[in-house]
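Asks: Listed below are the residues making up each chain.
Number of protein chains: 2
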Amino acid sequence: MTGALAQASAPAPAASVPRVRTTADIVREAPASAWRRPDPDNVLAMTLPSGIVWIELAPRFAPHHAANIRTLVAQHYFDGLAVIRVQDNFVAQWGDPAAAGDDESKLRPLGAAAAKLQPEFSIADRGLKITRLKDRDVWAPVTGFVDGFPVAADPKTHRAWIAHCYGTIGAGRGDTVDSANGAELYAVIGQSPRGLDLNITPVARVLQGMELLSSLPRGGQNMGFYDKPEQNVRITKVERLADMPEGTRPDVRVFRTDTPQWNEMIESRRNRRDSWYVHKAGAIDLCNITVPVKIAPRAAAN
Amino acid sequence: MTGALAQASAPAPAASVPRVRTTADIVREAPASAWRRPDPDNVLAMTLPSGIVWIELAPRFAPHHAANIRTLVAQHYFDGLAVIRVQDNFVAQWGDPAAAGDDESKLRPLGAAAAKLQPEFSIADRGLKITRLKDRDVWAPVTGFVDGFPVAADPKTHRAWIAHCYGTIGAGRGDTVDSANGAELYAVIGQSPRGLDLNITPVARVLQGMELLSSLPRGGQNMGFYDKPEQNVRITKVERLADMPEGTRPDVRVFRTDTPQWNEMIESRRNRRDSWYVHKAGAIDLCNITVPVKIAPRAAAN
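Sequence lines, in order, name chains A and B.
Numbers 0 to 301, taken from numbering that gives the first Met the number 0, label the letters of the first sequence in order.
Numbers 0 to 301, taken from numbering that gives the first Met the number 0, label the letters of the second sequence in order.
If you're looking for bench data, these hints aren't it; they were derived computationally from the structure.
From a predicted model like this one, the values you see are computed outputs, not experimental measurements.
In this text, a Cβ means the ideal position worked out from N, Cα and C, and glycines have one as well.
Honestly, I wouldn't trust all of these hints.
Said to hold, decoys possible - Calculated lysine-lysine pairs in the DSSO-like style (CA-CA distance at most 27 angstroms, straight line):
(1) K279(A) / K115(B)
(2) K293(B) / K133(A)
(3) K105(A) / K236(A)
(4) K133(A) / K155(B)
(5) K105(A) / K128(A)
(6) K279(B) / K115(B)
(7) K115(A) / K236(B)
(8) K155(B) / K128(B)
(9) K133(A) / K279(A)
(10) K133(A) / K155(A)
(11) K115(B) / K105(B)
(12) K236(B) / K293(B)
(13) K128(A) / K236(A)
(14) K227(B) / K293(A)
(15) K133(B) / K155(B)
(16) K236(B) / K128(B)
(17) K279(B) / K155(A)
(18) K133(B) / K279(B)
(19) K105(A) / K293(A)
(20) K155(A) / K105(B)
(21) K115(A) / K105(A)
(22) K279(B) / K133(A)
(23) K155(B) / K279(A)
(24) K293(B) / K227(A)
(25) K236(A) / K293(A)
(26) K105(B) / K236(B)
(27) K279(A) / K115(A)
(28) K105(B) / K227(B)
(29) K133(B) / K279(A)
Said to hold, decoys possible - Simulated restraints, written as ranges between beta carbons of each label pair:
(30) D226(A) / G79(B): 29 to 39 angstroms
(31) E229(B) / R233(A): 51 to 61 angstroms
(32) N262(B) / G173(A): 26 to 36 angstroms
(33) R59(B) / T130(A): 38 to 48 angstroms
(34) G246(A) / E229(B): 31 to 41 angstroms
(35) E266(B) / A123(A): 27 to 37 angstroms
(36) K293(B) / P140(A): 30 to 40 angstroms
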C-alpha cells in the first residue's frame, strides 16, 4: 500500500482491454464501505518488547470466554506475564509462567474472572451469515468468513466454529473440556492445525503483528515450552482499544468479508492475476486467505 | 523419543484390551525396516549461526535442479552467502545477496553449474508409486507421499509434483519459467502456499532444523527481503552428507512412507488417540503430516 505502488497502477487502461486487478489493487482501490471498524471493546493491543500484537475477540463465537478475557484485561491480568511456549509449526502460547509449576500459590489471582468456563467449541449456525467459499475443504462441509473470522460449519449438525488457521487464537485447556478460562491463550503460527477444531475454544484472531509471535525462538522438546524462565518473552501489557483515549487511539480498520470487493479479492487469490503465475490454481484454502487490516496511528491530541 | 517416554509405554496391555497406540508410540516402536537412509549424495547440511538445517534433494522430481545444486555445493557456492528474505507466513529464502542489486559483476560465479534450467514443475506419473491419502484435498485430485515428499497428482494430466507444504524447498525464479538454477532457494515457513504448485520447481525438503529458518526475523515491506545487508543471516557452509568422512558422518534416517507403520501413523493423525481430543476429525491435510526423521551424531573416528 505504498505511494509508489499506487502510482504504478495509476495509468488508465484502454477501454477495450479491461484492466486485470491484482489482490493488492482490489484492496487498495476498495471504497471506505469495504472496511469496518471493529468494536473497540473487542480489540486488544498486546505489547511485547518487539512491538504490538493487535487482536480481535470473537464474542459471537465465544461470548463467555471473550467476556472473561475482557475482565482479565480490565484487571491488567496479563501485564508482566509472558509468552511461555513456542512450538514450531504449531502455536505460540502466553499466560502465567507459574502455571507450568506445581505451586498454585504462585499463580496470579484471576480476580473477578471465572476460573473455569463451559466449552464454546462451536455455536448454532441459525442466523449466522457465512460468506461461503465455493472451494473444497479437507475438514468440513462448509467454510467461509464471518466478520473476518475463518469459519467452518456442518449443515448436518447445524454447528459453526472458528477454524484453526494461521493467526487464530484459542483458549488453552487441560484434560477436561471445561478447564479453560482465557487466562492462557495460544496463536497458531504454522500449517493450520484444523484437528484442533471442535476440541478447544477459539476466542480471537490476530489482526496485525503475527510476525512478532511467529518469529520468536522455539522452545524445547516438551511441546515447545521454554525450558528456562529467562527464555520467557515478557508481555509489557495488554490493553483494550476502548480504554485508550478516544482522540489518540489508533484507527483500526478490517476489510469486510461480506462485500463484492471481498468476493473479487477471493477470486484473485484463487486464480492469481500476476503474470508470474503460469498455472491458475482455481482454488483457495480457507486458511490461505489473509483478511486485510489497516491500523493507523492517530496524532497525539492537541 | 526420550528414554522416559519409552519406559512409560513399556507395561504390556491386557490381551483383551488392545492398546491404543498414539502417533509417538507408532513411530517409536516401528522396526528398523520402517526407516530408510536417504542417499548421502542427496542430503545437504546447511550450517547457519544457530545450527544445521538438514535438507534432502528430490532428484526424482527435479533431476536437473538437484544436479545443479549438487554442482554448486561441490564448488562451495553457498558458503558465505545468506538468508536474504523472510516473509511471514510464506517463505525464508537464501542465496547471493548481490542478486538483489543491479550490479551483475558482484554476483558470485556459478562455475560449472548451469545459469538457467528448464522448469521441472511436475513429472509424468508413470511408474510413480504414491502412497495415497484417502482424504479430500483443496487443490488436487490425488495427494500422498513418495519417499517422504508430500506429493499431489492429477490422473487427467498424468502429472505429479511435490506440493508446497511446510518445509518444502523450491528454486526461486524470475518472470520467465526457465530463469531458475537452484542458486536461490526458498523454504515454506507458513500455511502451505499450494497456489505455487505447478508454477515453480520444488527441489528438496527440510528434514530437520526448520525452526532455524522459521524463527528468523521477518524482513520488510518488499516481500520480506531484508532492507539492510546487516540483517542477512550468513550461511556458514552447505555440505553434502556424502562428502563428510564416512566413519563420522551423522546417521540420517527418515521414516518410510510406504509401510504399514506409515499407514497406521497417518490414521493416528486423522483420528487422534490422545484422550485430550474429544472430537475425532476423521481427516488429515497432506501438509499437516510431518515425516519423522532421526539424525544421530556418530562418535568421532578412533
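Asks: All hints, please: hold or fail.
Replies: Results for each hint:
Our distance criterion of 27 angstroms between C-alpha atoms is met by K279(A) and K115(B), whose separation comes to about 24 angstroms. For a cut-off of 27 angstroms, the pair hint linking K293(B) to K133(A) is broken: about 41 angstroms separates their Cα positions. Taking the CA atoms of K105(A) and K236(A), the gap is about 20 angstroms. The hint holds against a cut of 27 angstroms. Simply put, K133(A) and K155(B) have alpha-carbon atoms about 22 angstroms apart, close enough for the 27 angstroms limit, and the pair holds.
A distance of roughly 44 angstroms separates the Cα atoms of K105(A) and K128(A); the hinted pair therefore is violated under the 27 angstroms criterion. Proposed proximity of K279(B) and K115(B) is contradicted: the alpha carbons are some 48 angstroms apart, above 27 angstroms. Between the alpha carbons of K115(A) and K236(B) the distance comes to roughly 52 angstroms, so the proposed pair goes past 27 angstroms and is violated. Simply put, K155(B) and K128(B) have alpha-carbon atoms about 17 angstroms apart, close enough for the 27 angstroms limit, and the pair holds.
Of the supplied pair hints, the one linking K133(A) and K279(A) holds, its CA atoms being roughly 16 angstroms apart against a limit of 27 angstroms. Straight-line distance between C-alpha atoms of K133(A) and K155(A) comes to about 18 angstroms, which keeps the hinted pair within the 27 angstroms bound. At roughly 18 angstroms between alpha-carbon atoms, K115(B) and K105(B) fall within 27 angstroms of each other, so this suggested pair holds. Only pairs whose Cα atoms come within 27 angstroms are accepted, and K236(B) paired with K293(B) is accepted, the gap being roughly 22 angstroms.
Of the supplied pair hints, the one linking K128(A) and K236(A) is violated, its CA atoms being roughly 34 angstroms apart against a limit of 27 angstroms. Distance restraint check for K227(B) and K293(A): the Cα-Cα separation of roughly 25 angstroms lies within the 27 angstroms cut-off, and the hinted pair is therefore satisfied. Of the pairs offered as hints, the one joining K133(B) and K155(B) holds, with about 18 angstroms between alpha carbons and a cut-off of 27 angstroms not exceeded. Only pairs whose Cα atoms come within 27 angstroms are accepted, and K236(B) paired with K128(B) is rejected, the gap being roughly 34 angstroms.
Between K279(B) and K155(A) the CA atoms are separated by roughly 16 angstroms; this keeps the pair inside 27 angstroms, and the hint holds. A hinted pair counts as satisfied when its Cα atoms are at most 27 angstroms apart, and K133(B) with K279(B) qualifies at roughly 16 angstroms. Simply put, K105(A) and K293(A) have alpha-carbon atoms about 39 angstroms apart, too far for the 27 angstroms limit, and the pair is violated. Proposed proximity of K155(A) and K105(B) is contradicted: the alpha carbons are some 62 angstroms apart, above 27 angstroms.
A threshold of 27 angstroms between alpha carbons decides the hint, and for K115(A) with K105(A) the separation of about 18 angstroms falls inside it, so the pair holds. Between K279(B) and K133(A) the alpha-carbon distance is near 25 angstroms, which keeps this suggested pair within the 27 angstroms criterion. A distance of roughly 16 angstroms separates the Cα atoms of K155(B) and K279(A); the hinted pair therefore holds under the 27 angstroms criterion. A distance of roughly 25 angstroms separates the Cα atoms of K293(B) and K227(A); the hinted pair therefore holds under the 27 angstroms criterion.
For the given pair, K236(A) sits about 22 angstroms from K293(A) by alpha-carbon distance, which is consistent with the 27 angstroms threshold. A threshold of 27 angstroms between alpha carbons decides the hint, and for K105(B) with K236(B) the separation of about 20 angstroms falls inside it, so the pair holds. At roughly 48 angstroms between alpha-carbon atoms, K279(A) and K115(A) are farther apart than 27 angstroms, so this suggested pair is violated. Of the supplied pair hints, the one linking K105(B) and K227(B) holds, its CA atoms being roughly 17 angstroms apart against a limit of 27 angstroms.
For the hint pairing K133(B) with K279(A), the CA-to-CA distance comes to about 25 angstroms; that is within 27 angstroms, so the pair holds. Under the hint 29 to 39 angstroms, the C-beta atoms of D226(A) and G79(B), about 32 angstroms apart, fit the expected range. About 26 angstroms separates the C-beta atoms of E229(B) and R233(A), a value inconsistent with the hinted range of 51 to 61 angstroms. Checked against the given bound of 26 to 36 angstroms, the beta carbons of N262(B) and G173(A), roughly 32 angstroms apart, stay inside it.
R59(B) and T130(A) have their C-beta atoms about 41 angstroms apart, which keeps the hinted 38 to 48 angstroms range intact. At roughly 39 angstroms, the beta-carbon separation of G246(A) and E229(B) lies within the given 31 to 41 angstroms, and the hint holds. Taking 27 to 37 angstroms as the suggested C-beta distance range, the pair E266(B) and A123(A) conforms, at roughly 32 angstroms. At roughly 39 angstroms, the beta carbons of K293(B) and P140(A) sit within the given window of 30 to 40 angstroms.
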